[in-house]
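Sequence lines, in order, name chains A and B. Note that the numbering used here numbers the first sequence so that position 46 is 46, with each residue one more than the last. For the numbering used here, count along the second sequence from 1 and bump the result up by 110.
A hint or two may mislead.
As the list claims (entries may be wrong) - Distance windows between CB atoms, simulated:
#	chain 1	residue 1	chain 2	residue 2	range
1	A	GLY16	B	ARG187	46 to 52 Å
2	B	PHE161	A	GLY28	21 to 27 Å
3	B	LYS171	A	THR86	28 to 34 Å
4	B	LEU166	A	TYR10	36 to 42 Å
5	A	HIS73	B	ALA218	27 to 33 Å
6	A	THR86	B	SER162	39 to 45 Å
7	B	SER182	A	SER54	42 to 48 Å
8	B	GLY172	A	THR86	31 to 37 Å
9	B	TRP193	A	THR86	26 to 32 Å
10	B	SER180	A	GLU79	46 to 52 Å
11	B	GLU174	A	MET27	24 to 30 Å
To be clear, the hints were calculated from the coordinates, so they are not data collected in a lab. Note that the Cβ used here is the ideal one computed from N, Cα and C, for glycine as well.
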Amino acid sequence: EADIYQTPRYLVIGTGKKITLECSQTMGHDKMYWYQQDPGMELHLIHYSYGVNSTEKGDLSSESTVSRIRTEHFPLTLESARPSHTSQYLCASSASYGYTFGSGTRLTVV
Amino acid sequence: AQSVTQPDIHITVSEGASLELRCNYSYGATPYLFWYVQSPGQGLQLLLKYFSGDTLVQGIKGFEAEFKRSQSSFNLRKPSVHWSDAAEYFCAVGPLYRYNNNDMRFGAGTRLTVKP
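Can you make the complete structure from the sequences, with help from the hints?
Shown next as C-alpha cells:
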C-alpha cells in the first residue's frame, strides 16, 4: 500500500498558468525526489531534497521549482506553464536504498 | 559514469510463456540493482533488489532476477507470464553517492505486452 500521495492525478491547464503539483509521504523519509517521465524515455531527475530546507536541481534542467518546509511535503511549482511542460511527473521518497513512488501526475498544457 | 541499459524497448509474449527482460549496467564497483514495474497510469512499484550475497534474488509476483558480474547484467525472469503482468519494467542501479546520499539511475524501460 503506497504511503506517498500525489495530487492531482491528471491536470489539463492553459499556457501561462501557475500550477503546483502536490506530493506528500507519511513514512518520515528524509529524501524525496521529482522525476519527469516521457513515453519510451528513462526517468529524468528534476529535483531532489535530502531533508527540510534542502533542495537541489537534478540532472535534467527544469523550469519548475520545489520547496521542502516539512518532511512530509515536497510540492513542485511551475510559475508559467508551457506546452513543453506536458509530461508525467513522479514523486518518490527514500529512507535508505530503494524508492517508494507515488502514482504520478499527468500534466497536459494546452 | 554509472548507466543502465535496457536493450529491449518492447517485448510481446504469450500468456503462460516464460519471460526474460534484459538489463545491463555500467558501474565502478558492485552496484545495488533494482527492478521496478509500472502499470498504466500508476507510479513505480519495487519488484526486487540486489545488494549482495546470493546472486539469484526472488521478488514479488513470481519474478526473479540474476546478477551476473562478468556480464554486467541483472536480467529479470518469470517462468509463466500472466495477462496482469503487462506493464512497463524499469531497471535501476545505485548508489550514485550524490552528496553522500544513495541515489539511483533508471533505464529507459521495457514495455511488456501479453498476448492471450
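(request) Please name the hints from earlier in the document that this structure breaks, with their numbers sorted from lowest to highest. (result) 7
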